[in-house]
Amino acid sequence: MSKKQDVMEKLDKVYDPELDQPLTDLDFIDDITIEGSDVEVKFRLPTYWCSPNFAYIMAEDIKEYVSEIDWVKEARVTLDDHCASDEINHGVAQGKQFSQSFEGQTTGDLDELRKTFRIKAFYSRQDRFVRHLLNKGFSKEELVRLTLQELEDITLSEEGIHLRDKYLQKKKELNHPGTCINAITDPEGNAITIDDLSDYLLGIKTTRLSMEFNGHYCRGLLEARYHLEKTN
Amino acid sequence: MYRTMDGEEIFIIDAHIALWDASKENQLNVHGQQFIDCFYDYQTSLSPQEFWWDKEDFLKYSEDRLIKDVFHKGYADMAIFQPVLLKEFYKNGFGDIENSQKLTQTYPNRLICNDTFDPRHGKRGLEELEKSNERYSLKGVKLYTADWYGDSKGYKLSDDSTYRYLEKCQELGIKNIHIHKGPTITPLNRDAFDVADVDDAATSFPELNFIVEHLGLPRLEDFCWIATQEKNVYGGLSVAMPFIYARPRYFAEIMGELLFWLDEDRIIFGSDYAIWEPGWLIEKFMEFELPEDIKQETGAELNLDVKKKILAGNAARLYDIDIEAQKGKINNDRLAQEMNLSSV
Numbered sequence: 001m002s003k004k005q006d007v008m009e010k011l012d013k014v015y016d017p018e019l020d021q022p023l024t025d026l027d028f029i030d031d032i033t034i035e036g037s038d039v040e041v042k043f044r045l046p047t048y049w050c051s052p053n054f055a056y057i058m059a060e061d062i063k064e065y066v067s068e069i070d071w072v073k074e075a076r077v078t079l080d081d082h083c084a085s086d087e088i089n090h091g092v093a094q095g096k097q098f099s100q101s102f103e104g105q106t107t108g109d110l111d112e113l114r115k116t117f118r119i120k121a122f123y124s125r126q127d128r129f130v131r132h133l134l135n136k137g138f139s140k141e142e143l144v145r146l147t148l149q150e151l152e153d154i155t156l157s158e159e160g161i162h163l164r165d166k167y168l169q170k171k172k173e174l175n176h177p178g179t180c181i182n183a184i185t186d187p188e189g190n191a192i193t194i195d196d197l198s199d200y201l202l203g204i205k206t207t208r209l210s211m212e213f214n215g216h217y218c219r220g221l222l223e224a225r226y227h228l229e230k231t232n
Numbered sequence: 001m002y003r004t005m006d007g008e009e010i011f012i013i014d015a016h017i018a019l020w021d022a023s024k025e026n027q028l029n030v031h032g033q034q035f036i037d038c039f040y041d042y043q044t045s046l047s048p049q050e051f052w053w054d055k056e057d058f059l060k061y062s063e064d065r066l067i068k069d070v071f072h073k074g075y076a077d078m079a080i081f082q083p084v085l086l087k088e089f090y091k092n093g094f095g096d097i098e099n100s101q102k103l104t105q106t107y108p109n110r111l112i113c114n115d116t117f118d119p120r121h122g123k124r125g126l127e128e129l130e131k132s133n134e135r136y137s138l139k140g141v142k143l144y145t146a147d148w149y150g151d152s153k154g155y156k157l158s159d160d161s162t163y164r165y166l167e168k169c170q171e172l173g174i175k176n177i178h179i180h181k182g183p184t185i186t187p188l189n190r191d192a193f194d195v196a197d198v199d200d201a202a203t204s205f206p207e208l209n210f211i212v213e214h215l216g217l218p219r220l221e222d223f224c225w226i227a228t229q230e231k232n233v234y235g236g237l238s239v240a241m242p243f244i245y246a247r248p249r250y251f252a253e254i255m256g257e258l259l260f261w262l263d264e265d266r267i268i269f270g271s272d273y274a275i276w277e278p279g280w281l282i283e284k285f286m287e288f289e290l291p292e293d294i295k296q297e298t299g300a301e302l303n304l305d306v307k308k309k310i311l312a313g314n315a316a317r318l319y320d321i322d323i324e325a326q327k328g329k330i331n332n333d334r335l336a337q338e339m340n341l342s343s344v
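Quick mapping for you: the protein sequence lines, in order, are chains L and R.
The first sequence begins at 1 in my numbering and counts up one residue at a time.
The second sequence begins at 1 in my numbering and counts up one residue at a time.
Bound conformation, chain L alone (with noise of 0.2 Å):
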């Protein structure tokens, strides 16, 4: 494998955290540099106005996930064309916490943010499996009872089978106890009734379509921007 592939196979580990999708996908990597075991990753947003604090997010994964490269002494990332490029780019270089780097501009740091879009991005996947077993004829009552074990052995389409994997990588995420053994939970591990069902589906729905909605914007935008082309 080239160099520029294990970049890039690391890259498409990096999401954006408001779409839950790959920044690779989103044409939000710009370009790529390699010298020696130097690489200089520069990416895009949508405007220059895309919240510091996501963009703060994709640049430090940027730059840890291209540093677990065995052959990578230095990763630097920039981030062009943003009203905090510069406070992002000197700031993930040296590794400071974000609100070192914006100083009397924030309350803390972005675990909090990290862990809401997490859970998110948790609804956002379910909604899109659960839609798909029921789709696939699979009951309410079967749903709720069904257990984790259950759910790897099952026979699902090769969508199926994709749709799974995504949504038990967030779950994984979440770090759910050992004693969890429901395979549709809440974002904090429990089981949910089957009277509870219908309204926790309506409620996770409109995450997934809030998600969606706005990754349709952000495609355009990008688009539009840097007059690339349309996607559809």
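No wet-lab data here; the hints were simulated from the structure.
Just so you know, not all the hints are guaranteed correct.
To be verified - With a straight-line Cα cutoff of 25 Å, these simulated PhoX-like cross-link-like pairs (lysine-lysine) come out: (1) L:Lys230 with R:Lys284; (2) L:Lys136 with R:Lys295; (3) L:Lys140 with R:Lys295; (4) R:Lys87 with R:Lys139; (5) R:Lys231 with R:Lys175; (6) L:Lys4 with L:Lys42; (7) R:Lys284 with R:Lys295; (8) R:Lys327 with R:Lys284; (9) L:Lys13 with L:Lys96; (10) R:Lys156 with L:Lys115; (11) L:Lys63 with L:Lys73; (12) L:Lys63 with L:Lys166; (13) R:Lys168 with R:Lys231; (14) R:Lys307 with R:Lys231; (15) R:Lys55 with L:Lys230.
Values in this document were obtained by computation on a predicted structure and should not be read as measured data.
Given the coordinates of chain L, work out where chain R should sit on it, guided by the hints.
Here is chain R on its own, set in the frame of chain L:
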């Protein structure tokens, strides 16, 4: 006025328009340039190509053009200015409030000009709001909570200083509070688009109406939740509207959610002119039907009666407009004569 195939005349209020000046001469810095660039990207990414403006025209356009686009070509019978200040980005501010007011005086039956305030202006701002109300008998204000002021990168509706202003609005009878959420509000580590502060204010000021522009996007789910709890919270469709062309399926899904969570009495049409022209949005909206599966899942209906509420009825209620009486007033007014419609 939009005329259906059956000949029925549909009265239309565009509840979100602007007259702005983003000309090079008025830009203070790179932020001013980037702000209007972003608006322009919104236009070109979500409008049919025949409705893309020349960039130069988009920076600053005349009152004549606005009247033509909104009323002659745009079907609107009335429109509401929702100005934003952006004094840190533009020398005289972005929204041209003075000329919006002048135009409103020229066409008093057609235009309503809301004012704006910034709670960080303290006592001076409160006095200005009072003066403005004495002069114009304000019906509403537009707030842009992400506006910069000195070192501050925005404010919240739940701030004490904002409460002083909302108390003043309540006292003066300025009952319609339009809110637009933008990015970069401090503290920067929090979600700048969070609409929880609207919830707070809506509970504390039950006599005021809170119209969340752009449906709280990009936090539609939080907005729906708040609107379910607070009956004086409304959803402004501006920015979501153009999805009717660019992503019709998503537009349908969003309408389904809004009708489910809010009901049909709290959704308000706005074009966000000059980013989008109302003409094509209204044509598409009148033709639009919800797909069967969305109707079934949400129980939502988007029939002609519901469309009429969204296009005028709901805004009319908030702005004390009697649509039937208003039809009489505009039938042969200055604009009608100019449009040569008085004989129709």
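> What hints, given by number in increasing order, does this structure fail?
Replying inline: none
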